[in-house]
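Undergrad: Listed below, chain by chain, are the residues.
Number of protein chains: 2
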Amino acid sequence: MCEKCRENRERIVTGTSMQRATLAQIAETAGVSVSTVSKVLNGRDDVSRDTRAKVDSALRRHRYVRRGASLDPAVRTVDLVMSGLDGSWPASVASGMEAAAYEARVHVSIHVARSARSAPHAAGGTAGQDWVDRVLERGSEGVVLGLVEPASGQLARLRQADVPCVVIDPLSDPPPDVVSVGTTNWAGAYEATSHLLQRGHRRIALVTGPPDHLYARARTAGYHSAMAAAGLGPAPELIRNGTYDRASGAEQVRALLALPEPPTALFICSDHMAIGGYEAVSEAGLRVPEDISVVGFDDLPEARWVSPALTTVRQPLKEMGGSALRTLVRLLNGDELETPRIELATTLVVRDSTAPLR
Amino acid sequence: MCEKCRENRERIVTGTSMQRATLAQIAETAGVSVSTVSKVLNGRDDVSRDTRAKVDSALRRHRYVRRGASLDPAVRTVDLVMSGLDGSWPASVASGMEAAAYEARVHVSIHVARSARSAPHAAGGTAGQDWVDRVLERGSEGVVLGLVEPASGQLARLRQADVPCVVIDPLSDPPPDVVSVGTTNWAGAYEATSHLLQRGHRRIALVTGPPDHLYARARTAGYHSAMAAAGLGPAPELIRNGTYDRASGAEQVRALLALPEPPTALFICSDHMAIGGYEAVSEAGLRVPEDISVVGFDDLPEARWVSPALTTVRQPLKEMGGSALRTLVRLLNGDELETPRIELATTLVVRDSTAPLR
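If you read the sequences in order, they're chains A and B. According to the UniProt record's numbering, the residues represented by the first sequence are 1 to 358, in order. According to the UniProt record's numbering, the residues represented by the second sequence are 1 to 358, in order.
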């Protein structure tokens, strides 16, 4: 074996690459022989404590990543990119995805989708990196996007790098080659509206999401279908668009309660907006559910914290995270998928915020 | 360059390792030449769409991980291991850690600390892997533990693999060489208790955590110090231990309200226990804060969802996550730390659950 061969072999066996320090450089820094460095790396115990400390320090100084013994090439690392990590929604999705990843022996790296423009400009940091830069720089093996709308250029970059992508709750119709996982938004909204109709309500208002959001459109359609099935035509003044947050829920419900003929029930398409709705109802001197019934959407933990506990449409967020991971693994294995769109069932959770019409 | 050299060089340049498929194997599977595989890997556009598809499929079949162009050796991946990922506490810690990691150009992989015993036994899965197996199998560069008590054997394995570790909110005194990040639990409890004393309360009960938890002991001590400063000796019947969850909070407050001389104020050492306490107060036909004042600890989002909004001691969870990441990076860089224990300040957030003694 020639000199170059030996050096290359050393790099491969120890898991270092061209850009990383060689064992010789580390030995030089530590003031020991290459074979001593090798002994430390291989966990041999015939090295004194002092020498080991010197080598460890040199390894750290060279940012040497020990990969040999512990790195198993069967272990994959995929990326979960979400619009934010705070709150119950991302926590549930991440929790479900991690559990499925544990089963599949995949590691999950987490990221917030920052736009290149909004990125901070820290010295030596990652100024201007968008999430695609970030996942590609490590050599991502696959990406799950949660409430993140990928730009076509971002999808093209992932495609070019042969990185498969699964989208949870796409905001708009994803391209045909992008796999998505969602819930039965239409059916969930249909069931929520039917629940209110069955309790005698007829003047049922809808607070939905932004009109361009795919899942907001599906929920709106579910509401209209249930109303139509009960022989009720559309009442445009009862339909409002919010932005899924508490403040917008309060604002829209205030407007609904100010109508000449206010609704007797509210179907509000997110738990956070529904909690805002509670505030507006309380401000108006009314009570939930005695004066007005409220149904939410999501079933986040906060739906149980509020008083009265919120009747809501449960999205199986953990299962969605798990399903996204399993789908990604199938794509990585080159398996065929039956369908590029997976919809997991919602369920109506009846609590204390809905009552028969008085 | 000899034949072996060329092969090795190819492996290094393309980022494959000994265990991975060679370009020749991939070429054979795809039925194309090695140079064609190379062209596809290097993103050249002089390859037909059909050929590219064949090569892509072969790359996937061999689980070939493309690392060449995109993998930057300066990018580190560290592990965040928590007792669970559900809920606001882990979400806040993960969010703060991810933001700091973005700045430092570090990737964060998330894990739930499962014990080897409790691990599921899925076929081909990770049956029996504990978190140390899991972080070492990928070649972790550093670990942050959140509400996870590392066993001495686990710490020894990390030490042997030269993987530094930072513990957030250690449950017991960590060994001197383990760095920890926490909050000023004593000072936070002192301030909460003083707030109630200043409002005229004297019979102030404490619902703290398990007596063996380091931070529960610090909070208990803060309560006792504030009471002593007001000239009030210990009243053992007013001190109760819960387990940080809602049900235990309700249970302990029920017991306190059943005392011959019940307290007029409750300092409850977690927001979730405080919310359970609200239930017990309501069951007893009493009102917060008119009949009894309540202070929590954590300032999770749910402290603002409940009614009345909870006065609580804010733990800077995001900052704790960020601080843990930055500390880990310093350890990776071989920097000296001033202290192995970092405590971030708590702040009392006064909302609507506390009132002057009537």
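Just so you know, the hints here were simulated from the structure itself, not pulled from any lab data. Remember, predicted model here, so these are calculated numbers, not experimental data. Note that the Cβ used here is the ideal one computed from N, Cα and C, for glycine as well. Take the hints with a grain of salt, since some may be wrong.
Sample of chain B residues lacking proximity to chain A, with all beta carbon distances greater than 12 Å (derived) [stated by the list, open to error]:
no., residue
1, D50
2, V75
3, G153
4, P174
5, V306
Which residues of chain A face chain B? A few of them, derived with a C-beta cut under 8 Å, are [to be verified]:
no., residue
6, D56
7, G87
8, S307
9, E338
10, L344
Undergrad: Each hint needs a verdict: does it hold in this structure or not?
TA: Hint check results:
no., hint, in the structure
1, D50, "holds (16 Å)"
2, V75, "violated (5 Å)"
3, G153, "holds (15 Å)"
4, P174, "holds (20 Å)"
5, V306, "violated (6 Å)"
6, D56, "holds (6 Å)"
7, G87, "holds (6 Å)"
8, S307, "holds (6 Å)"
9, E338, "violated (18 Å)"
10, L344, "violated (18 Å)"
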